[in-house]
Amino acid sequence: MKNCLRELRKAQGLNQAELADRLEISRQTIIAIEADKYDPSLPMAYRMAAFFDVPVETLFLNPWKATGTGV
Amino acid sequence: MSHRTKYWMLCALAFGASALAGVIIGKTVPAGGASGNAALLFPLLLGVCGLVMAAGWLWWRNTDDLQQQGQLISWYWGGTFGALAMLVYLAVFFGRHSDLSLGATYLFFAQVGGFFIVWLVWRLRGRGQSE
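If you're matching them up, the sequences are chains A and B in order. Its first residue numbered 1, the first sequence is counted upward by one per residue in the UniProt record's numbering. Its first residue numbered 1, the second sequence is counted upward by one per residue in the UniProt record's numbering.
Please keep in mind that the hints were generated in silico from the structure rather than gathered at the bench. Among the hints, erroneous ones may be present.
What the hints assert, rightly or not - Just some of the chain B residues that point at chain A, by a computed CB distance under 7 Å:
id: 1; residue: 2
id: 2; residue: 3
id: 3; residue: 99
As the list claims (entries may be wrong) - In silico lysine-lysine, DSS-like type, Cα no more than 27 Å apart, as pairs:
id: 4; chain 1: B; residue 1: 6; chain 2: A; residue 2: 10
id: 5; chain 1: A; residue 1: 37; chain 2: B; residue 2: 6
id: 6; chain 1: A; residue 1: 10; chain 2: A; residue 2: 37
id: 7; chain 1: A; residue 1: 2; chain 2: A; residue 2: 65
id: 8; chain 1: A; residue 1: 2; chain 2: A; residue 2: 37
id: 9; chain 1: A; residue 1: 65; chain 2: A; residue 2: 37
As the list claims (entries may be wrong) - One side of the interface only, derived from the structure: several residues of chain A facing chain B at Cβ under 7 Å:
id: 10; residue: 21
id: 11; residue: 24
id: 12; residue: 25
id: 13; residue: 26
id: 14; residue: 29
id: 15; residue: 32
id: 16; residue: 38
id: 17; residue: 40
id: 18; residue: 41
id: 19; residue: 44
As the structure is a computational prediction, the values presented were derived from the model and not from experiment. Backbone N, C-alpha and C fix where the C-beta goes; we use that ideal spot for every residue, glycine too.
Kindly generate the complete structure, drawing on both the sequences and the hints.
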């Protein structure tokens with residue numbers, strides 16, 4: 001799933017290891033999400049969004065909403 | 001303490017507990033033949049296995065989605081295929097009714113049994129109200 005985690009992380013001046021430690025997850029997970037290789041669970045997505053103080057859909061782009069099909 | 005440090009400490013605890021359990025089992029169970037007081041030793045060693053699982057659980061709670069998914073996929077597909085491949089190997093090279101094949105078969109049945117118990121618990125815990 002496309003996301004702007006890297007941009008938000010860099011805007012906070014954090015490296016991947018620092019962000020991982022702040023979110024209490026692994027650096028490997030941050031790397032995988034930034035590379036669009038892994039979609040986090042809903043709780044983790046909300047936790048990340050809360051950390052950056054943005055709505056979830058700002059962090060993770062909703063592909064179904066973009067196409068307008070909803071399927 | 002950082003999350004990373006805590007994670008590796010719990011990981012070391014889980015592996016340390018496994019190694020310790022291996023030593024305890026190795027010291028208490030005879031190399032050949034049944035144990036003299038099997039009725040006492042079996043529940044005792046099951047308790048030791050329980051402590052290993054508890055240590056593993058502490059580590060598991062500290063892992064995130066991706067790490068858990070990696071473990072689950074690897075154990076399910078890798079572990080199952082590895083066990084089946086070994087089972088077939090032992091049957092082919094040592095005979096279906098050899099001690100080795102039977103021992104491996106019991107282990108595999110225990111694994112399947114454990115799978116169904118945990119799956120059932122997972123299924124029941126995930127139940128919601130149907131409308």
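Going down the list of hints, with the structure as the test:
At its closest, the beta carbon of residue 2 of chain B sits 5 Å from a beta carbon of chain A; the interface hint therefore holds under the 7 Å criterion. Among the interface hints, the one on residue 3 of chain B holds; its C-beta lies about 4 Å from the nearest C-beta in chain A, closer than the 7 Å criterion. At a threshold of 7 Å, the smallest CB-CB gap from residue 99 of chain B to chain A is about 42 Å, leaving the interface hint violated. Of the pairs offered as hints, the one joining residue 6 of chain B and residue 10 of chain A holds, with about 25 Å between alpha carbons and a cut-off of 27 Å not exceeded.
For the hint linking residue 37 of chain A to residue 6 of chain B, the alpha-carbon distance of about 26 Å falls within 27 Å, and the restraint holds. For the hint linking residue 10 of chain A to residue 37 of chain A, the alpha-carbon distance of about 19 Å falls within 27 Å, and the restraint holds. Between residue 2 of chain A and residue 65 of chain A the CA atoms are separated by roughly 13 Å; this keeps the pair inside 27 Å, and the hint holds. Our distance criterion of 27 Å between C-alpha atoms is met by residue 2 of chain A and residue 37 of chain A, whose separation comes to about 9 Å.
Between the alpha carbons of residue 65 of chain A and residue 37 of chain A the distance comes to roughly 20 Å, so the proposed pair stays at or under 27 Å and holds. Here the hint on residue 21 of chain A is kept, as its CB sits about 5 Å from the closest CB of chain B, short of 7 Å. The criterion of a C-beta within 7 Å of any C-beta in chain B is met by residue 24 of chain A, whose closest approach is roughly 4 Å, and the hint holds. Annotation: interface hint on residue 25 of chain A holds; nearest CB of chain B at approximately 4 Å, less than 7 Å.
At a threshold of 7 Å, the smallest CB-CB gap from residue 26 of chain A to chain B is about 6 Å, leaving the interface hint in force. Because the beta carbon of residue 29 of chain A sits about 4 Å from the nearest beta carbon in chain B, less than 7 Å, this interface hint is met. The interface hint given for residue 32 of chain A holds, since its Cβ lies 6 Å from the closest Cβ of chain B, which is under the 7 Å cut-off. Nearest Cβ of chain B to the Cβ of residue 38 of chain A: about 6 Å, under the 7 Å cut. The hint holds.
Against a cut-off of 7 Å between C-beta atoms, the interface hint on residue 40 of chain A holds, since the closest Cβ of chain B lies about 6 Å away. Annotation: interface hint on residue 41 of chain A holds; nearest CB of chain B at approximately 5 Å, less than 7 Å. Interface hint at residue 44 of chain A: satisfied, since its Cβ lies 5 Å from the closest Cβ of chain B, which is below the 7 Å cut-off.
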